[in-house]
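Novice: Sequence lines, in order, name chains V and W. In this text, residue positions in the first sequence follow my numbering: the first is 2, and each later residue adds one. In this text, residue positions in the second sequence follow my numbering: the first is 2, and each later residue adds one.
In short, the hints are calculated from the structure, not lab data. None of these values were measured; they are calculated from a predicted model. No false leads were slipped in.
Which copy is meant is left open, so a pair is good if it fits within one copy or across any two.
As a list, the in silico DMTMM-like pairs of lysine to aspartate or glutamate whose alpha-carbon atoms are at most 25 Å apart: (1) 151 x 46; (2) 151 x 91; (3) 200 x 31; (4) 83 x 4; (5) 176 x 11; (6) 139 x 46; (7) 200 x 82; (8) 139 x 50; (9) 151 x 67; (10) 151 x 50.
Protein chains: 2
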Amino acid sequence: MSDLILTTYDWVPEAPRGMVRDLRVRWALEEAALPYRVESTPFRDRGPDHFAAQPFGQVPWLTDGDIVIFESGAILLHLAEKSSALMPTDPRGRAEVLEWVIAALNSVDLPSQPWALFRFMGFPRTSPEAEFVETFMKLRLDRMEAVLAKRDWLVADRFTVADLLMADVLRQVNKFDGLAAYPACHAFVARATSRPAFKKAYADQMAHFAAADAA
Amino acid sequence: MSDLILTTYDWVPEAPRGMVRDLRVRWALEEAALPYRVESTPFRDRGPDHFAAQPFGQVPWLTDGDIVIFESGAILLHLAEKSSALMPTDPRGRAEVLEWVIAALNSVDLPSQPWALFRFMGFPRTSPEAEFVETFMKLRLDRMEAVLAKRDWLVADRFTVADLLMADVLRQVNKFDGLAAYPACHAFVARATSRPAFKKAYADQMAHFAAADAA
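The following block holds chain V by itself, in its conformation from the complex (with noise of 0.2 Å):
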């Protein structure tokens, strides 16, 4: 089996830094012990081969043999595949991992992105646009909390890379001090940031980045 190829910007500006997308794979392949190496693609100039990988002109995607693929979300879907440290095997399972994965890139995501974007920007909280915002992403903190105080992980009593994707999620929401009201919420993102997988990926990508800082 050849490696795992997974690409991402050569270099990113400082505040991005411990949260481009590659990150989300990375830990999901260290969680799995599957082998792979990192590749870079320009930052700056993102030209038709970019485009053609990455159709948005992001970061991340994955080569796997002649397959090619985009949306962290789906990488870790197909790498989920290869290995039960990721997701049960059993059809409950599967489905509980799908669901909860796309309950964090969409249902909680939908708010939180835009949510985190209005606080980066530094808008004021007080516009009926912010308010439209803080109260959407309420709406999803609020359930997300009563799911997670009653359970450790989403699925299956076990880490699956539905926590990865939805801890990941909520790690930017925790960024600009969005969980302060919500505990579980809080633990469930300490508790899936502690693990040494998580750790090794967020080391691997500070030091990617800062190795282009000095080159």
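Got chain V; can you put chain W on it based on the hints?
Specialist: Then chain W, alone, in the frame of chain V:
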């Protein structure tokens, strides 16, 4: 094999009719000619049974024997395993359907939902917040236009659940006249929604909620 059971609200107000996400599942079930029946859950009183099946208190969910699965995107991928009418069976075709399903639910729906909700709320289009959302939406539509200018369907020159989802996400943008400058996106939505399975799904949803009015 017991029939699949699709659960949606018993009733919704006029505005969301034709857009409630059970439509995606009806559409897929019709494309695949899978037997199913529809059950209702109260829109006004969402009790513990509802939240047990759908933790965000939304619809739809699908019951497939002893599996209950929520998130329309997850339900579509679950159904796609049952019918090659919804997804090719080769590894590359499966990976491409997966990446475009996630692209629809995350890369495109992330800006399109706040964009559409801001329009629905009637927020002015000149605030910094609105301009931010407009720019985010334009970034994604520009890229989708480039993709859809070159192909009728996203994967393998044939209709798949990736088209179903992307068309349904873009249909919401189109509802608020967001595709006027994007002829390929507009033609894609028209092409997908001219399929008999979409028309039946749409008519069935409208009839389901109209029956509740009459009751």
